[in-house]
Structures are given as structure tokens and as C-alpha cells.
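Protein sequences appear in the order of chains H and D.
Using this note's numbering, read the first sequence as starting at 86 and increasing by one per residue.
Using this note's numbering, read the second sequence as starting at 5 and increasing by one per residue.
Hints in this document: simulated from the structure, not taken from any laboratory.
As the structure is a prediction and not an experimental result, all values here were calculated from the model.
Hints may be right or wrong, so weigh each one.
Here are some, though not all, of the chain D residues that point toward chain H, as calculated from beta-carbon distances under 7 Å [stated by the list, open to error]: (1) Gly20; (2) Val23; (3) Glu26.
Okay, derived cross-link-like pairs now, DSSO-like style, lysine-lysine, Cα gap no bigger than 27 Å in a straight line [what the hints assert, rightly or not]: (4) Lys46/D <-> Lys158/H; (5) Lys68/D <-> Lys195/H; (6) Lys18/D <-> Lys185/H; (7) Lys163/H <-> Lys195/H.
Ideal placement from N, C-alpha and C gives every residue a C-beta, glycine not left out.
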Amino acid sequence: AQTVTQSQPEMSVQEAETVTLSCTYDTSESDYYLFWYKQPPSRQMILVIRQEAYKQQNATENRFSVNFQKAAKSFSLKISDSQLGDAAMYFCAYRAGTYKYIFGTGTRLKVLA
Amino acid sequence: GAVVSQHPSRVICKSGTSVKIECRSLDFQATTMFWYRQFPKKSLMLMATSNEGSKATYEQGVEKDKFLINHASLTLSTLTVTSAHPEDSSFYICSARDHGGGNTIYFGEGSWLTVV
Numbered sequence: 086a087q088t089v090t091q092s093q094p095e096m097s098v099q100e101a102e103t104v105t106l107s108c109t110y111d112t113s114e115s116d117y118y119l120f121w122y123k124q125p126p127s128r129q130m131i132l133v134i135r136q137e138a139y140k141q142q143n144a145t146e147n148r149f150s151v152n153f154q155k156a157a158k159s160f161s162l163k164i165s166d167s168q169l170g171d172a173a174m175y176f177c178a179y180r181a182g183t184y185k186y187i188f189g190t191g192t193r194l195k196v197l198a
Numbered sequence: 005g006a007v008v009s010q011h012p013s014r015v016i017c018k019s020g021t022s023v024k025i026e027c028r029s030l031d032f033q034a035t036t037m038f039w040y041r042q043f044p045k046k047s048l049m050l051m052a053t054s055n056e057g058s059k060a061t062y063e064q065g066v067e068k069d070k071f072l073i074n075h076a077s078l079t080l081s082t083l084t085v086t087s088a089h090p091e092d093s094s095f096y097i098c099s100a101r102d103h104g105g106g107n108t109i110y111f112g113e114g115s116w117l118t119v120v
């Protein structure tokens with residue numbers, strides 16, 4: 086069975102600094118997608134970034150980038166130039182052909198002014 | 005862009021009653037929708053896959069007679085919590101698959117259920 090593990094329950098970063106959130110996963114599938122979602126207090130799930138497993142190039146979306154290590158089954162999120170609005174719960178997620186998501190336990194990110 | 009709407013956003017019901025939560029895809033057809041449950045300060049757990057025109061597929065450990073799912077149209081799936089108990093209090097989120105839009109998955113805003 087597929088699993089997603091986030092080992093950091095909480096992280097803090099100073100405003101304007103860089104922070105990396107960790108995620109590892111386990112799967113026997115070769116074709117899958119990985120995601121980072123942000124969940125602010127409103128609870129709305131906001132897609133931050135996605136990575137297709139067949140792509141070797143790491144995905145980037147403005148200040149957000151990933152380090153995708155397929156062999157190691159690692160998928161970390163780097164947030165550069167952190168802003169107060171980045172404070173939220175971040176979930177790493179896995180999705181394969183059934184379109185069902187498997188979420189990690191989440192990392193609460195605090196941004197310090 | 006595509007939007008998935010849930011209603012109600014918050015609901016309080018008495019123990020023993022049933023409550024229905026709706027999930028609508030507003031500008032695309034979704035033959036497949038998914039229902040998740042999120043306990044406070046916990047992750048999202050998939051409850052079931054809702055298939056238009058057929059029975060839902062439930063994840064292991066989810067009581068199908070307690071959490072009734074109906075996907076009667078291409079834009080609407082409903083989750084009915086029957087004979088609700090306080091332990092059913094939770095945040096319920098749906099997602100919908102946009103088949104015509106590259107199979108993108110969109111999440112609803114979620115619904116808070118409190119059973120008193």
C-alpha cells in the first residue's frame with residue numbers, strides 16, 4: 086500500500102528566509118503524481134505545486150520549488166523568501182491512477198516577523 | 005477556473021438525526037468525486053469514491069450504511085451521515101475529477117459537522 090510520511094509536525098521560519106519541508110513516500114507504482122497542498126485556517130485546500138513522477142526536472146512555481154528524488158522516494162518543498170501569508174498547514178500528497186489522494190500527516194509552518 | 009462547492013459549510017445537528025452534505029462541480033462535469041474526512045489537527049483520510057450512476061466505493065473501515073453517498077448527476081454528489089453521533093463530528097471535504105480538463109482534481113471548501 087502507498088504511504089506518505091511527513092516527519093516534521095511543525096516548522097518555523099523567519100520572514101524572507103528559506104525553509105524546506107520534508108516528505109517521503111512509498112509506492113510500487115511507476116506512474117504517479119506528487120503534490121504539496123497548503124491548508125490555511127479556512128481549511129480550503131490550495132494546490133501549491135505538483136510533480137509528475139516521469140519528469141526528472143523539479144517543478145517550480147515562483148517562490149516554491151521541489152526536490153524530487155525518485156529513487157529515494159523523497160519529495161521536499163522549498164519555500165524561498167517566506168512571507169507571513171505562507172503560514173499554514175502543508176500537506177504532501179500522492180496520487181496514482183485511481184485519482185485517490187493519499188495525504189501525509191502535515192507540517193504546520195509558522196512564519197516569524 | 006473550475007470550482008467545487010460544498011454546502012453547507014457548517015452544520016450542527018442533534019445526535020440520532022441525519023445530515024446531508026452536498027458537493028457540486030460548478031463548471032465542469034465530474035463522473036468521479038471523492039469524500040475525505042479530516043479530524044482536528046489531523047490529515048485528510050479518504051472515505052469513499054463516488055461514481056456517477058453507480059454505487060460508491062468505500063475505503064476499508066468506513067461504514068457504508070452510516071455514510072451514504074449518492075452521485076445522482078454529473079455535477080452533484082451527496083454525503084449523508086445517518087444517525088449521527090458526536091464522534092462523527094469532523095471536517096468533511098470533497099474533491100471532483102474534471103475528466104474534460106486533463107483529469108485535474110479540484111477540492112471543495114469543506115463542511116464542518118458538529119453533532120451535539
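Q. Is the hint on glycine 20/D kept, meaning its closest Cβ partner in chain H is under 7 Å away?
A. 27 Å, violated
**Q.** Closest C-beta approach of valine 23/D to chain H relative to 7 Å, hint status
**A.** Since the shortest Cβ distance to chain H is 18 Å, the answer is violated.
Q) Is lysine 18/D close enough to lysine 185/H, meaning Cα to Cα at most 27 Å? A) 32 Å, violated
Q.
Tell me if the straight-line CA distance from lysine 163/H to lysine 195/H falls inside 27 Å.
A. Judged against 27 Å, a Cα distance of about 14 Å means the pair holds.
Q) Can glutamate 26/D be said to touch chain H, with a Cβ gap under 7 Å? A) With Cβ-Cβ at 17 Å, over 7 Å, it is violated.
**Q.** Pairwise hint evaluation, lysine 195/H against lysine 68/D, where the allowed Cα distance is 27 Å at most
**A.** At roughly 38 Å apart (the allowed maximum being 27 Å), lysine 195/H and lysine 68/D break the hint.
Q. CA of lysine 46/D to CA of lysine 158/H, is that 27 Å or under?
A. 23 Å, holds
Of the numbered hints listed earlier, those contradicted by the structure are 1, 2, 3, 5 and 6.
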